[in-house]
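Chemist: Using the sequences and the hints, build the whole thing.
Sequence order for the protein chains is A and B.
Start counting the first sequence at 36; every next residue gets the next number (the numbering used here).
Start counting the second sequence at 36; every next residue gets the next number (the numbering used here).
No wet-lab data here; the hints were simulated from the structure.
What you are looking at is a predicted structure, and each value in this text was computed from that prediction instead of being measured.
No false leads were slipped in.
When chains are identical, the list treats them as one kind, so a pair holds in a single copy or across two.
Capping the alpha-carbon separation at 25 Å, the derived lysine-lysine pairs in PhoX-like fashion look like this:
| id | residue 1 | residue 2 |
| --- | --- | --- |
| 1 | K225 | K38 |
| 2 | K220 | K103 |
| 3 | K38 | K103 |
| 4 | K220 | K56 |
| 5 | K179 | K225 |
| 6 | K328 | K56 |
| 7 | K103 | K225 |
| 8 | K272 | K190 |
| 9 | K144 | K161 |
| 10 | K102 | K56 |
| 11 | K102 | K220 |
| 12 | K232 | K102 |
| 13 | K164 | K179 |
| 14 | K179 | K102 |
| 15 | K225 | K102 |
| 16 | K179 | K103 |
| 17 | K225 | K56 |
| 18 | K190 | K232 |
| 19 | K232 | K256 |
| 20 | K102 | K190 |
| 21 | K56 | K363 |
| 22 | K56 | K38 |
| 23 | K389 | K56 |
| 24 | K161 | K389 |
Protein chains: 2
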Amino acid sequence: MEKTPHVVVLGGGFAGLELCKALRDRPVQITLIDRQNHHLFQPLLYQVASAGLAAAEIAHPIRSVFKKQQNVSVVMDEVSGVDLAEQTVSTTGGREFQYDYLAIGLGVKTGYFGNDHWAEFAPGLKSLKDARLIRRNLLLAYEKAEHCEDEAERKKLMTSVVVGGGPTGVELAGAFAEIARDVLKNDFRKIDTTEAKVYLVEAAPRLLTMYEDDLSDYTRKKLTDIGVDVKVDTMVKDIREGVVDLGDEVIESANIVWAAGVEAPAITKELGVEIDRGGRIIVDTDLSVSGHKNVFAMGDIAHCIDQAGVRVPGLSPAAMQMGRHIAKVIGDEVLGIKLGQGYPVRKQFRYFDKGSMATIGRSAAVATSKGLKFTGFIAWLMWLFIHVLFLIGFRNRLAVMLQWFFAYVRTQRGSRIITWG
Amino acid sequence: MEKTPHVVVLGGGFAGLELCKALRDRPVQITLIDRQNHHLFQPLLYQVASAGLAAAEIAHPIRSVFKKQQNVSVVMDEVSGVDLAEQTVSTTGGREFQYDYLAIGLGVKTGYFGNDHWAEFAPGLKSLKDARLIRRNLLLAYEKAEHCEDEAERKKLMTSVVVGGGPTGVELAGAFAEIARDVLKNDFRKIDTTEAKVYLVEAAPRLLTMYEDDLSDYTRKKLTDIGVDVKVDTMVKDIREGVVDLGDEVIESANIVWAAGVEAPAITKELGVEIDRGGRIIVDTDLSVSGHKNVFAMGDIAHCIDQAGVRVPGLSPAAMQMGRHIAKVIGDEVLGIKLGQGYPVRKQFRYFDKGSMATIGRSAAVATSKGLKFTGFIAWLMWLFIHVLFLIGFRNRLAVMLQWFFAYVRTQRGSRIITWG
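Modeler: Here it is in structure tokens:
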């Protein structure tokens, strides 16, 4: 009897979870390794950073996802090395795993284009820890401003700068502006929070460059309406403590967030496989890594041109599709071998673009789907519906709905607490 | 024209909030100082520590409580000194406040009876930070146990010890036992979490000594039923890293919690007023501090024998009553002076005992009220109703209800995430 093939999955993100779930009924043993004990619903991370949701509402324990799926073992540990020749994965916890199939879905981290020293002064937004840090910076700045006698210092405390005009940047800037204008309006006695400044800085000539011009224009107009100072065509020259240097303008700010770039974790450079400039693993159209038919990359860490020649975007639906595709390839193969039918011809991955969206403050959004474009309240309702629908766990869905309902009707925020540790 | 009297309130706990609210319509200026930006619903803190609730669900921003009450200014800062002669309060943030009336409601902290070095190995449960630390210790221990080859080490990782058989200790021990037996039951592949051990150690001959014997007996029986090893008449000799030394028995445990004592913060010793052995400020029956008619202490930091000769207990209803009493005294006085009627005779505080309760796991509790005693499911329903009722903020109430509803019907936990910072 053949031994059961061992599938090692790195990362419990959208791709990793879908891959494991889709192998539910296949004769494989799966080990899912993640350094956190929870899956993070990253599209809503900006809500934690802007005090709209509690961390627990967008995080779900990975173990409980696979409570009933006996062929999955969850390991909370950090991957330290992958040896493609020996077919082993090692961890910082000192464990080693021998794999028959490997799927790498470790995601990406904040990237500073070679200016890593900016990280200290302008955190990115990729983890719950990042989100809590940004929330703390934001809320503490207002606390300090309330008792600040120096006008320049007070202005700095009441200024936020978001670098990067992609979806995360747009969503964060919108949320920061709303907090100042609505949520905190009557909370303070000395400062007028509606005088707070929010800058959104983007190097390209327009926001949300993945969309067509009119959606970018709409987004810029909406953000401007709720008080965001949008600066396009603007390069960041330097970031220092409390300072964003734009060359011809220097903005002092107590709350600087970097949403301008991501890069793959360093481990991809050590694999000895082809990677792109951002360190992403370049995969074939079956999502396997060139020269290693049993090794796959998926989600944001994969650089993939699909069967139709489309560059697959770094979005959660794409990651989920990739995870399911890899499960299909592995599943077909192990079944084929088990039934003595040999290796089947591998299916090629084709990205199915359901559309994408970004929200702009409390009741506006932009969305595209199948050539259609949506803006305003209807797009915001679509966004709301889709995001709540995809949140893992019914309880989380209800809790988030509740928070949003109250946030909407009462211009309040559910998680406006400052915590350390 | 007289200047408006300035009331400085130290601490945004139950006493401080009630005091400020009750002075809503009085001609005073109030400054409320707290080192946190949120009020904490401390009776439910054990639920955060045991992964039942998210931190944000039991915390509420103090500013938003007083959004509409214009005579309250909220200051987020830590009190560093009080000068009763100069009538000033200074803070670590370098501010100084001159008061006409001062109300001290700074609460108590975990106390180790002179063994402060135990704190490192056995955290107490007084803040959200404590609660997150305990949650992390608990959940990480199971993660490590799943991959531990050494049997003794694995046993240690799957053992929790709670020191102190008061309400917090009873509630924590019950929750730890439930997590092991129900919540995590199917999450792991190698370990059987139902084999986890939970010890509850109490120096007195029985648990919950504030109640009569039969309730203590009931509590002990219920805890034993859900798998807690209750050790009464048992003194802790020493606590080291991962070890609780009971003299004739040494328990190795990865999750040790100290719930055996509290003491007043050090600042009470510097006031130059009478304090008790635990550092609590001894107050007169009008709740003022002897020799300082304009200085009051309230809540857990006050040592108070009320008008009827009853020692007021350290419970939230008592703290709220004290806060309202002080508001009445101050309010009457400033009105009397303003109307030219001089100083009225001060009312004496009388504690109104509505009863108290402690929960034991998922559907049992003990409660006493007006000489009546309740146990079991009915007591648990009372506990549920009263605690949800008193949670500040309607949204929090609904969110907590929801979490509990799901926890009850699905033996799940809402906040089982491990986070750092």
